[in-house]
Structure formats: C-alpha cells, structure tokens
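Those protein sequences? They're chains A and E, same order as listed. Numbered by the numbering used here, the letters in the first sequence go through residues 1 to 169 in order. Numbered by the numbering used here, the letters in the second sequence go through residues 1 to 699 in order.
Hints in this document: simulated from the structure, not taken from any laboratory. Note that this is a predicted model, so its numbers are computed, not measured. Glycine included, each C-beta is placed from N, C-alpha and C at the ideal position. Errors might be hidden in some of the hints.
[What the hints assert, rightly or not] Facing chain E, a subset of chain A residues (Cβ under 10 Å, in silico):
(1) R29
(2) A36
(3) C46
(4) E72
(5) R90
(6) Q99
(7) G101
(8) P105
(9) C109
(10) W122
(11) R144
(12) S146
(13) L149
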Amino acid sequence: MRVDITVRVDGAGHRLTVDTRTTLLDALREQVGNTAPKKGCDHGQCGACTVLLDGRRVLSCLVLAVTADDTEVVTARGLAADGSVHPVQRAFVERDALQCGYCTPGQVCSAVGMLDELASGWPSHATGDVTARPEPTDAEIAERMSGNLCRCGAYTNIVAAVRQAAGRR
Amino acid sequence: MTDLLRPKAIGQSMNRRDGIGKVTGTVPYAYEADVDAPAYCHPVQATIARGRVIEVDTAPAEALDGVIAVLTPGNAERLADTDDAELAVLQDDTVAFRGQFVGVVIAESPQIARAAASLVRITYAEQSHDVRLSADRTDLYRPDKVNPAFETDTAQGDVAAAMASADVTVEQTYTTAMYHNNPMEPHATVARWDAADGGRLTLWDSTQGVHPLRKAVAGVFGLAADQVRVICPFVGGGFGSKGTPHAHVVLAALAARALPGRAVKLALTRQQMFAVVGYRTPTIQRMSLGAGRDGRLTAIALDVVEQTSRIKEFAEQTALPTRMMYAAPNRRTTHRLAALDVPVPTWMRAPGECPGMFGPEVAMDELAEALGVDPVELRVRNEPDRDPETGLPFSSRNLVACLREGARRFGWAERDPRPGARRDGRWLVGAGVAASVYPVHRMPESTALIRFAADSYVVEIGAADLGTGTWTTLPQIAADALDVPVDQVAVRIGDTAYPMASVAGGSSGMATWGSAVVEAARAFRAKFGADPADGDEVDADVPANTAQQRYAMYAFGAQFVEARVDVDTGEIRVPRLTGVFAAGRIVNPVTARSQFIGGMTMGLSMALHENSVLDPRFGHVVNHDFAEYHIATNADVGDIDVHWLDEHDPHVNPMGTKGIGEIGIVGTAAAVANAVHNATGVRVRDLPVTLDKLLPHLP
Chain A
1 MRVDITVRVD GAGHRLTVDT RTTLLDALRE QVGNTAPKKG CDHGQCGACT
51 VLLDGRRVLS CLVLAVTADD TEVVTARGLA ADGSVHPVQR AFVERDALQC
101 GYCTPGQVCS AVGMLDELAS GWPSHATGDV TARPEPTDAE IAERMSGNLC
151 RCGAYTNIVA AVRQAAGRR
Chain E
1 MTDLLRPKAI GQSMNRRDGI GKVTGTVPYA YEADVDAPAY CHPVQATIAR
51 GRVIEVDTAP AEALDGVIAV LTPGNAERLA DTDDAELAVL QDDTVAFRGQ
101 FVGVVIAESP QIARAAASLV RITYAEQSHD VRLSADRTDL YRPDKVNPAF
151 ETDTAQGDVA AAMASADVTV EQTYTTAMYH NNPMEPHATV ARWDAADGGR
201 LTLWDSTQGV HPLRKAVAGV FGLAADQVRV ICPFVGGGFG SKGTPHAHVV
251 LAALAARALP GRAVKLALTR QQMFAVVGYR TPTIQRMSLG AGRDGRLTAI
301 ALDVVEQTSR IKEFAEQTAL PTRMMYAAPN RRTTHRLAAL DVPVPTWMRA
351 PGECPGMFGP EVAMDELAEA LGVDPVELRV RNEPDRDPET GLPFSSRNLV
401 ACLREGARRF GWAERDPRPG ARRDGRWLVG AGVAASVYPV HRMPESTALI
451 RFAADSYVVE IGAADLGTGT WTTLPQIAAD ALDVPVDQVA VRIGDTAYPM
501 ASVAGGSSGM ATWGSAVVEA ARAFRAKFGA DPADGDEVDA DVPANTAQQR
551 YAMYAFGAQF VEARVDVDTG EIRVPRLTGV FAAGRIVNPV TARSQFIGGM
601 TMGLSMALHE NSVLDPRFGH VVNHDFAEYH IATNADVGDI DVHWLDEHDP
651 HVNPMGTKGI GEIGIVGTAA AVANAVHNAT GVRVRDLPVT LDKLLPHLP
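Build out the structure end to end from the sequences listed, making use of the hints.
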C-alpha cells in the first residue's frame, strides 16, 4: 500500500509517496536523499538513526514514514545552517568525540535533544533528587547518551563534548 | 637505523580534517554512493547448519511486483576462481554453516527485496552438524601456520621438568568468548557492471583496503585488475571484519553482472553480520607458569585450543605474546584447532594479542598472589633483556617504564593486596593491572604519489581511514617529509584510482603508508628541488625495513583498572582505567588519544559484556543483535586516563611510529578480571566477567 505524506526535513518541504512499510529512516535516506541519519541496526538498538521529530529525539528506524505526515524533521545535516555548525557539533569536533563518524550524526541529534530535555527538567536514572532541576553532570550526560552506541569507543570524549556544549568546561 | 624526520607537524594536536563532514552527516559511506536508479538486493540465508540444497522454489518471490531477479545456486554465474570457499557464493548446493548465502533477491526497492527474500522456498537435505568447541575433542588438529604465517608451536628447554621442580606454579585454564566485530556501519556494497569495452566493475564497498579487495574480486571473477575499481573514502568502523573480503561483496557483484549498466545496492542487516562477515574465535587457554621463591619465572607454557570453519581455515595466533613477553629458560606454545560447521572466523582488533594476553596476564596475577609479590613488581622482575625466543634485541622496550608511570598515575600504592579487603558502602573495591603489547608491522607493498599543483602538494595513496585519522595524520607526515606547512598538503585516499596501498590492519597503516609517503617526498625533492613547477610528480614504494631482521619490534603498555562490585547484587562497575603506552612517536595526540581510549573501551566491553552465544542445536548465534550482544554503552564507561611515554625508536621507520590502533585492547580484559578478583576474592577465568560468576562467592 502506498500513501502520500508531506514532511519538512531540515527546513524544506517534501511530498512523498511512501510504501506503508517504509520507515522514516528509509524515507529520509532513499527518497529525500538525506543520508545524515545512519542505519546501524534498523531495530532501535543503536541510535545511529536519531533525528529530531517536532523537536524531540526519536529513532527514525522505529517511526513509520506514514505516521510522520505533517511533521518537522531535523537531521544532523540540518543542525548546521548557513555554513556554521551547531555548538554541539563544534564541541564534537573540538573534543574529538568521534572516530569513524558513522554513529556521529545520531549522537549529535541525541545530544541536542537530550540537552533540551535536561533544560526542561526531565529527570533520568542518574538524577539524585527527581524534584530538583537536573544538572548536566557527567553522570547525567553518560546516562542520557546511552541510547547511542559507539563501537569506536568515543564515549569519554562524547561526554566531554556534550559537557562543553552545555556550558560546563 | 633510519634518519627520523624532524617533527614539526608530526606531534601537533590537530582536529580531524573530516570532522565537520562527520558531525553533519555529509561524508559518504559505501551504501550512500551517488548512483542513478539503483536496484536493491536482499540475501537469502541457509536455515540449516550442514547439508545440501535440494530444490529452490523462487516462483512466489518472483511473482511479487517489483522483483527483478532471484539468483540461486542453480542460475548464478559460474565464478572463475572458487579456491576461497568463503567467496565461492552460489557455486554449488553445499551448506557449510547456518546463515550461509543460498540466494539473493534483486528488486526495485529494499522493502520488496526483503519481502521477496522471505518468500524463497528452499528444500534441504539436512545432515547432522557439530559446532561444539572443547579441548577434549579427539579431532583437534595442528594447523601448518597461525595467522598470518607464524610457527604453530614453539618450545625451548624442558617445561615439564621445570614445572615439577618450581617452588610455585600456576596451572589453570582460561577461556575467551566468541566475539563479533560489529562496526557501527553494517557491511555494504554498491556494485555496477558496465559491459562495454570488455566490461568494468565498480564497487563502492565498506572496506579496510580498496586495493586488496580489488585483487580478490578480480581474481574471483577472472577480470584484470584494471577492470575493477573500488571506492571507499570513509569506513564506518571495521576492527578487522572489513579487512578481508566476505561473501556479500561477491553476491553484490554477481547481482550487478546480472543487471548490466544498473547499480545494485546490498547492505547487510545487523543480524546477518553475525553469520557472514567473520568473528573472533573463542579460545581455550591452558596456561602453565613456574617460578622460584624469588619471583623469577622458570617455565612459561600456553596451549591454545580454538575453532575454525570446515570450509576455510583461520588459525588465530593466540599464543604469540607468550613467546616474547617475559623471560624464562623453559617455554612452550601450541595451537590446536577444531574445524566445525561454523561461519568463517577472521581478524578482530589485535587478533592473537587480544585474547592471548587474557590467560597469561591473569595467570601472572595468580602467580603474584601465590608468591606474595606485587603484580607490577612480578612483571618487572621477569623483564627479558632480549626477545626470549629469537634472541634479538628489542628496538626499544619500555614496558617497565609504562608499569611504573601507570602505577604512579593510578595510585597503585594505595591498593590493598588482600582480596576483598576494601569496602566503600555497598561496594567492594579493587584494583588490577595487566600489560599490553603489539608488534610493529610494516606491509611489503604500498606506493605513494606526490604531485605539486597550484602552490600545494597532493598526496595520492589508496589507503583507508576507518576512524583512525588517516585523512589528518598522513598530511602531517607528508608536511614534515616535504618540509612544508601542513595546510599546504592535501591527501587523496580510499580509491583504487590512487596507487596501491596495503590493508588497514595489524596497526600497520602509518608505518607502511607513511614510509611510502616519506620515500616519495624524498624522491620528489631529489628530482624537483625546493621550487617545483605545476604538474611535477613522482611516486615511490615503501622500502623494506632491514632492521626487522636485527631487532624485535614491539609497542608496550600497562593498564590499571579500578573495579567496584556490589556486595549484594554482584553488579560490576569500572569507574576508571589508566593506560600508559610506549608506542614510538605519536603523530597526532588528538586522534591517537581517541585510538587508545577506543581500544581500552572495547577491551572493557570484552571484559564485562560481549559474548556471542552459539546455539549447539541450530548452529547460529542466538543473540544476534545489539539488544542481546551487549557492547559497552556510554554509562558503562567511566574515566579513562591515557598517557604515553616520549619514546624515540630509530629502527622502526622514518616517522618513529609503532602503530597504535590495536594495543589499547590488549590486556584490558585481564586487568579488569584482576581488579574484580582484588575487589572480591573471586577469580573469574572465563570471559565475560559477569555477576552470575561472582554471586555464589560474595561475602
């Protein structure tokens, strides 16, 4: 079955006809031609496909494209606008929070979404007092970034990069 | 001795040249090759572990709208060379392991291809299979060599007599699990066959070596090398599994040749990768150490049992580090294999050294405890002054300095040697140490080309960057070799359109490609002087290093681990690791630190999490995804302190580098197991160290 949807990706509108089995990840990569989100497992287990869907981080391999009609998607490509990269992206480069780079677009989107969740006061498993405003401690960052696997093992640098982007040094 | 380059760019911290491209997701990986209207492939895999394909019914698949073709053993092209059984895809009806390719669907979309693959009906004549590895098997055999060409067994003196007369002995069996490389980018190939002019095959493949892959594929299809082009500027990790070609590359090429002029795309799923792109064999390590009361070893022996597949041998060189690590007059190493109905094993980060430094380094900890000697001191006491087996002097060996500096940085003096003695609330706290080692390799073939154009120097070499930093570090080497600023150097890698380069493996990249670049730079200056004209170019091959016949060449390291174990649940946490390495000159501290950290992180993952569970009933890895094959996540990793010694080795190569991609994973698992023992008093000899192995023994 094929269905027409409209989706904004990195600020540009796209009208797509999608197979109802198509994931948002495949629609972005195969139909929109945006290969910033990566396919690492296709099962929601690795985080490489993370994008921001209406401002929240989601695993695009677990979103059926047909359900993304009339939504706003931001990928790692879209976080960099007009030739300047997002502060999270700059921090990833400066802290060498990547090696092969395949998980990186997902890590970056996840970090942007996570910092927003933190600023909104959402607690995590690492939050001591869930009634207090959580701080971007290393433990909070590591916990909240644990849905994004990195086989090169850049985790300690990823924590440093997110800490830098959060305004801590 | 070589004239070491005067380091100007070498040694400078430089951010990755491809960093912006990677954080914005705009650098292309193999599957993302920009091709017009591709067709999509989905493999069909055997559902038995041993037997024959009797009948293939493709009709239901072919009836699906959008299916272009279904290739099977019955209709696939006959290959020119089937000597490599792993690459002889769809050539006969034999099934040698569960998950082996028995067909491939080509369709207009990936969804259709996948759906159609599930509709291909295969009738098998099943035979009983055998996938159980055990040291008690009666059919273990002695391979002719171990990977790639080392002696299978070695012996000096009389180990049995020395063990019988030793004051203190350790005789234990240690095991490491089956591991899967699992790079984040699944193996993928885009292939296009253009039939004109005798035919040209273009492959965009995720590979650690475009040139070795081209050679293999050209051979399989009976093509000349210049009929095949392989393109791979970026690799989403490999860790060895992308070092040698696997069956899916041939499958994609077969599909492309069935559809001349049209590109086909084939990406393996994460699940498929557990059967068809290699893995690290499980190992069984029988370790014997004998020592005098003074802590000096009199005997060292390691007898290894591991597996290979029935169709192709891969003999991991697990006992290698035991041959050179510590001094002892009586020594023995052996390797025995069981050939099973399992997928073909292959390289995984530090093959040989990584599993081979688990048993021995835990045994050293056991010996230290038995002797009442500090584990750091025990290693220092057994430091050899020459390679114990070959008698060659070391070109440089700074293991002791690594141990001393690591102990100082880690705070080793505060460790209580009594197991289970330190407690912090619910946590039992311990510390462990192990040594690291990795040989210095230089591959025999690589060529670099240097061209001057528009006030800058272009270096071309078909090398690879798997995240290792080649895009950034090769210009640093070229800049110093040419004596120009690094921003005046551009490199081009990852394409067989550039000169021959060896595989990115054995931590040999910089030593090999860098030496070729230095050679080309010297030739360039000799020919064109300091003021070249536009278009001046020269190429040069990597020279052989004759010093390798006169010196034993290794990088060394020491790793220290703090482990904390919950006294009730047995939960194991590792809040900090310290690694100190002596690995020659460091080209780029930024990317080097990441490689060391990455290796140690993968070592921690091996110690605590990773374990491919092979089901003996069906012959497949049951935990074949990231939900069940656990790799370390961000929250599993604490502080990692990496430090390296300023080491000057004039014998290795003109850069003075030793290779750093693999040593970080060597020894980590032993250090973790030793720390857990110090914390709890429980000696775990079988990886991974998991709480079920601790719980029955906790206080």
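To see whether the hints hold, each was checked on the structure:
Against a cut-off of 10 Å between C-beta atoms, the interface hint on R29 (chain A) holds, since the closest Cβ of chain E lies about 8 Å away. Evaluation of the A36 (chain A) hint against chain E yields a held restraint, the C-beta minimum of about 3 Å falling below 10 Å. With a cut of 10 Å, the hint placing C46 (chain A) at the interface with chain E holds, because the nearest CB-to-CB distance is about 5 Å. For E72 (chain A), the interface hint is violated, the least distance from its beta-carbon to any beta-carbon of chain E being 18 Å, above 10 Å.
Because the closest C-beta pair between R90 (chain A) and chain E is about 8 Å apart, less than 10 Å, the hint holds. The beta carbon of Q99 (chain A) is positioned within 10 Å of a beta carbon in chain E (closest approach about 3 Å), and the interface hint is therefore held. The interface hint given for G101 (chain A) holds, since its Cβ lies 3 Å from the closest Cβ of chain E, which is under the 10 Å cut-off. Here the hint on P105 (chain A) is kept, as its CB sits about 3 Å from the closest CB of chain E, short of 10 Å.
Annotation: C109 (chain A) was flagged as interfacial toward chain E, and the flag holds, the nearest CB pair being 9 Å apart, inside 10 Å. Because the beta carbon of W122 (chain A) sits about 17 Å from the nearest beta carbon in chain E, more than 10 Å, this interface hint is broken. Interface hint at R144 (chain A): satisfied, since its Cβ lies 9 Å from the closest Cβ of chain E, which is below the 10 Å cut-off. For S146 (chain A), the suggested interface contact is upheld, since its CB lies about 4 Å from the closest CB of chain E, less than 10 Å.
The beta carbon of L149 (chain A) is positioned within 10 Å of a beta carbon in chain E (closest approach about 6 Å), and the interface hint is therefore held.
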